[in-house]
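**Q** Respectively, the protein sequence lines represent chains A and B. Numbering of the first sequence is given in our numbering, commencing with residue 198 and proceeding in unit increments. Numbering of the second sequence is given in our numbering, commencing with residue 15 and proceeding in unit increments.
In case anyone wonders, no lab produced these hints; they're calculated from the structure. Be careful, since some hints might not be right.
Lysine-lysine pairs mimicking BS3-like chemistry, simulated, CA-CA at most 27 Å apart [unchecked claim]: (1) B:K29 - B:K127; (2) A:K321 - B:K127; (3) A:K360 - A:K370; (4) A:K321 - A:K370; (5) A:K494 - B:K29; (6) B:K127 - A:K370; (7) A:K402 - A:K220; (8) A:K402 - A:K360; (9) A:K360 - B:K127; (10) A:K494 - B:K127.
Derived CB-CB ranges, DEER-like [as the list claims (entries may be wrong)]: (11) B:G271 - A:N207: 50 to 58 Å; (12) A:Q300 - B:R36: 17 to 25 Å; (13) B:M152 - A:N207: 29 to 37 Å; (14) B:W61 - A:R532: 16 to 24 Å; (15) A:A413 - B:R36: 55 to 63 Å; (16) B:R36 - A:N207: 23 to 31 Å; (17) B:R53 - A:G435: 57 to 65 Å; (18) A:G326 - B:R53: 26 to 34 Å.
Note that beta-carbon positions come from the ideal geometry of N, C-alpha and C, so glycine has one too.
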Amino acid sequence: MSEVRIHAENLGKQLGGRWALRKLDLSVRAGEVVGIIGANGAGKSTLLKTLSGLLHPDEGSYRIYGRMASLLEVGTGFHPDLSGRENAYLRGALLGITRSEIQRILPVAAEFAGISDRLDEPVKYYSSGMQVRLGFALSAHLPAEILLVDEVLAVGDAAFQAKSLDFMESHWKSEGRSILYVAHQLHTVRRICDRVLWIEGGILKMQGPADEVCDAYIERAMAQTVAWPSAAERGGLGGIRAQQLDVEGDWTTGNPASVRVVWDGSAHGTADIRLSVARSDGAPLTLWSSLQSGLEKPAEAGSATVRIPELALSQGAYTLHLRLFVDGILHDEVRDAAVIHVAHGLWQGQVYPTPRPMALQEQHWI
Amino acid sequence: MSSSREVHASDPWWKLDRDSARVGRRVAGAFARRDIQLRYVQTRLGWLWALIQPVALIAGLTLVLGRVFGLPDEGLRQFGLNLAAALPGWIWFQYIVSQGAPSLVHNQALVVKSAFPRTALPNAKAVVGFVDFAVASMVVGTGLVLLDAASPWVLLRLPLIAVFTAISGLGWAYLLAAISVRRRDVLSVLPVALQVLFFVSPVALPSANFDLNGWGLIYWLNPAVAIADGFRWAWLDWSVWQPAHALSFASGGIIFGVGLLSLRYQSRRISEFL
């Protein structure tokens, strides 16, 4: 077993009179990437803030072995009038890192952020994207054994996010760094984390291998009954509103399935009923649209049914987002209108061993 | 392993570990450096301002106030010496308080996301103010030597009073910074309070000789009295000391302790409030 980097026992923190974190035991070893998942307000950020020293625990204790860099501050704390280089020294000082150490990592970090040629310009002339990239690149290259990461990957453009994820996977792990990673996007957690803690109401609910905990987390989220928000709380113009959504069929990969949507209202024009199928973490997979498939339905109160001859979704849980358009204008929107559980089945006569929910595709190999 | 940190819920709030103290020094250094670099950016005369400001202030105040009071030449010389000796120290003191007190609120984005010792920000301001103080002191020293008024003991005495200036300024800066986390009001009152303090302290005016009761007691509780008179003692070897000065020194020292503990106490809760 490698050495322990973070060790917390019975950790608890009270915020505003209630326990934001309670009785948490945690141990992170060298080279381990540990994810933390849970709903908003579950205590994830409180845990990170406590371990980083921003909050003092009301209960229990923790030990940190090694230098710890926190990526809570990515993209903030740059001084606009100072150059990127001077800001890097400042950032280093906040973590107790000397100028000479920063000088060593700076060329690499600037290269990573794609701003090597502008390092001596004041940060106020950088675009906001450049600032975020520099912030991440600096923190990522700091000589620290432990990193606390709080959804930094939600920033920057898609290409940079992908690059950052690759970097975390390839460098941090291989260099034996320990990472405590908080994220909402379960697919990143599955990808980079060895182990996941699921926190609910400030209490550790489950911990274990990433896929196991993520699956349980999704199942739990799905099990909660889907209640639609009232019409007044929903988006769209409101000329027509969805009333009901019925999921029919056995919902097995490769088998027929159908969904019926009922709405009422008095708008004039042509309705377009759109169902977008998303993974439980919100990533959209495919779209079913009545208008695109050739059905010109008048917008007055009515119903429409989509029939899927062969369900091209692998085993797992999905959510349906429902939107009603009239002549291209959004009239109603119900996110998470329904949850569907797709059972294992054959796709085009074959078993597709996909570990995660995903869209399948008719395909011909030659 | 280069460092390790152990935190227990039961740790006393005044405890500060060695690693944090090291981080604090680095942060103060980096922030001071930043301020000094930015200080005279976008000015034409740049660093010359550090020389021009004390000279202009001392000359201006001496001439204007000297005319107001209708002083004869010899009186004007005394008045000028009195002011020149005390002014750089006073400016440094008021810089530490006026810049150090709001430093946490001004750097809020950083403070709520980074767990460095909070004293680092006021400390950085003390360093920045010291640079101006050092330049002004060299100007004053040159002037006093030319006027043949400098004390032979100045190099021994000056550091003592300078240290007290930093301590008493930082004490107030720490205390007000700690309060400002919950009550920003103190920051609005501060500029006026410092202006009033300038007039009730013996900076432009000569040392006073009040009795130790009523308003006199309040006068002697002002650390700026010890600062201003102390610099006269250091630069000019004037015999300024009275027993009541002990009170002024003690008040500076006590405020330093109270301020330091207040800020450390508040540090645990800062990211909940800011």
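**Q** Are the hints correct? Go through all of them and say.
**A** Comparing the hints with the structure gives:
| no. | hint | result |
| --- | --- | --- |
| 1 | B:K29 - B:K127 | holds (21 Å) |
| 2 | A:K321 - B:K127 | holds (21 Å) |
| 3 | A:K360 - A:K370 | holds (15 Å) |
| 4 | A:K321 - A:K370 | violated (34 Å) |
| 5 | A:K494 - B:K29 | violated (72 Å) |
| 6 | B:K127 - A:K370 | holds (25 Å) |
| 7 | A:K402 - A:K220 | holds (11 Å) |
| 8 | A:K402 - A:K360 | violated (32 Å) |
| 9 | A:K360 - B:K127 | holds (25 Å) |
| 10 | A:K494 - B:K127 | violated (54 Å) |
| 11 | B:G271 - A:N207: 50 to 58 Å | violated (34 Å) |
| 12 | A:Q300 - B:R36: 17 to 25 Å | holds (19 Å) |
| 13 | B:M152 - A:N207: 29 to 37 Å | violated (58 Å) |
| 14 | B:W61 - A:R532: 16 to 24 Å | violated (60 Å) |
| 15 | A:A413 - B:R36: 55 to 63 Å | violated (43 Å) |
| 16 | B:R36 - A:N207: 23 to 31 Å | holds (29 Å) |
| 17 | B:R53 - A:G435: 57 to 65 Å | holds (58 Å) |
| 18 | A:G326 - B:R53: 26 to 34 Å | holds (30 Å) |
Comparing the model with each numbered hint stated earlier shows that hints 4, 5, 8, 10, 11, 13, 14, 15 do not hold.
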